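Please construct the entire structure, taking both the sequences and the accompanying hints into account.
Each chain is listed here by its residues.
Protein chains: 2
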Amino acid sequence: MKTLLEAIRPTTFLEPLKLREHMGIDLTIATETFQHTGSFKFRAAYNAALNAPGDHMITASSGNFGQALALACRMLGKRCHVVMPDTSAQVKIDSVRGFGAEVILIDTKTVGREERLDQLMEEFPEAYRASPYDDDFVIDGNSSLGDEITAFAEFDVIVAPVGGGGMISGISKALCRAGHKTELCGAEPLLGNDAARSLAAGRLIRNEQEPMSLADGARTISVGNRNWEIIKDGVSKIYEVTEDGIRNALFAYFLEVNLKVEPTGALSLGAVMENRADFEGKKVCCIVSGGNVDAKVYGEIIGAGS
Amino acid sequence: MKTLLEAIRPTTFLEPLKLREHMGIDLTIATETFQHTGSFKFRAAYNAALNAPGDHMITASSGNFGQALALACRMLGKRCHVVMPDTSAQVKIDSVRGFGAEVILIDTKTVGREERLDQLMEEFPEAYRASPYDDDFVIDGNSSLGDEITAFAEFDVIVAPVGGGGMISGISKALCRAGHKTELCGAEPLLGNDAARSLAAGRLIRNEQEPMSLADGARTISVGNRNWEIIKDGVSKIYEVTEDGIRNALFAYFLEVNLKVEPTGALSLGAVMENRADFEGKKVCCIVSGGNVDAKVYGEIIGAGS
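These protein sequence lines are chains A and B, in that order. So for the first sequence, this note's numbering puts the first residue at 2; every next one is plus one. So for the second sequence, this note's numbering puts the first residue at 2; every next one is plus one.
Think of the hints as simulated: they come from the structure by calculation, not from any bench. Misleading hints may appear alongside valid ones.
Identical chains share a label here; the pair holds if one copy fits it or two copies do between them.
Stated by the list, open to error - Below, simulated DSSO-like cross-link-like pairs (lysine-lysine); rule was C-alpha separation at most 30 Å, straight line:
| hint | residue 1 | residue 2 |
| --- | --- | --- |
| 1 | 297 | 19 |
| 2 | 233 | 79 |
| 3 | 3 | 283 |
| 4 | 297 | 110 |
For clarity, every value in this text was computed on a predicted model and none was experimentally measured.
Next up, the structure:
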């Protein structure tokens, strides 16, 4: 049974010359696109599957966390159920099944994800119900990325994508541990700016509905409660990135860094590109959360940018 | 003045779980897509600019070597001329100029590249004329990639893309140094299979004309003389990859590895995918030479594959 640090792939640091010169900013990229299952979520999922009691994990995820938990459970010999909307891309469903998890497809118009999870927990009371972000094991797993970043360099500012807040709360914990004075900022879609509004108001605010941003990893109603408790003190600012900003950052990664990123992963660079003055003269680390993007969506963004 | 090893970025090794399971082959990727200027050519160019006599470098290149030499010369404070066809993509011309090199555009219908280089050498007799592959400094620079691969693991077989033979001859030198019994194979486009025909015939054979493969880094008339001397003994086989094989490998990298590669960089995986039986049960390293590809070309391949 591998420890978390044995199981994960260390993040990949890039110091892209062209992008640095083009932007005039001392930029380092920490990319999780080559993490197992293609996103940082594997850190969270493996840590949860490793430490949760029992031998059965249950979650709801249409995206990266489902794949990551499925693989983690396979590696650790645990049973795994993943609740997914029946509108999920077939390639994502196949991928979760391919790692040996049992997929439960739901029609989200007739049954909510949480409702279906409640039913499953009644059926399997010994199972562990893992939130993709609002979970201490998940936050601790993600903090391993923060440890790698603080060990790599002492940055003036780190920018992390924000969906449910699982990553940024983990990074915040790692910064505290390291005693770095690094400023931690988030980047979320302007279309779903609940975290920015929450930080401004000093209390957790929810979106009315799931925001339909291109950044599908940030289509969350709000950050989680556990995440909010960390974010409210540990994060200085949340940037609100336009949809064009996401596209432009994704294309800049393609063109100047040779890096394939998913729209959610492009949020942090999008924030820097749209707010250049805030980052001038600073040593900046942008975190790329993952690289799993539909080929059609990606091809269209690249084609339009060229 | 940085040494070669100080100047280059170490290669990025990937051990992609999905691709391994999908193919059933113990595959490791050594990717040079994140090397400075986005391809392995920077190793060659820097080593040439570092060691060549004089303070002026001249080359002809429509692609990665020109950019790499321009940056190397900027880093080393040398003057640099790059002869490019006037049909080169503007983005490539801009990139070479952006690194401070002087670009000489030629109409290849009226003047050959070698002819124009001859003229330049008359004008600047103190300059060093660097071939992108047929040059000992270039081969030695590329051998640094081979050193990194032999230090990473002892593979049963390494597959390298072949254009002018600069990379594969460098890898061969490194394998000799390390005393590894690793088999070294090449992968070139079937459309321009001069190296495969040369190896079969035991003598250097040239294409009639520049092969119009999608793999633009392998549109060479033949491998170089210095490269051939190494290849004829050090390389066991050259795979001839179809154009569809190149596309399929490029898409597999996109889909299963989150890796953006250029068509020439996809040749090695294309060879493994088209000749799976040859690699079964072996520990295989595929080298990706670079990631610089036109957005339109890439978007079309990705869109078609989805």
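inquiry  = For a quick check of understanding: which of the numbered hints are violated here, in increasing order?
reply    = Violated: hint 2 alone.
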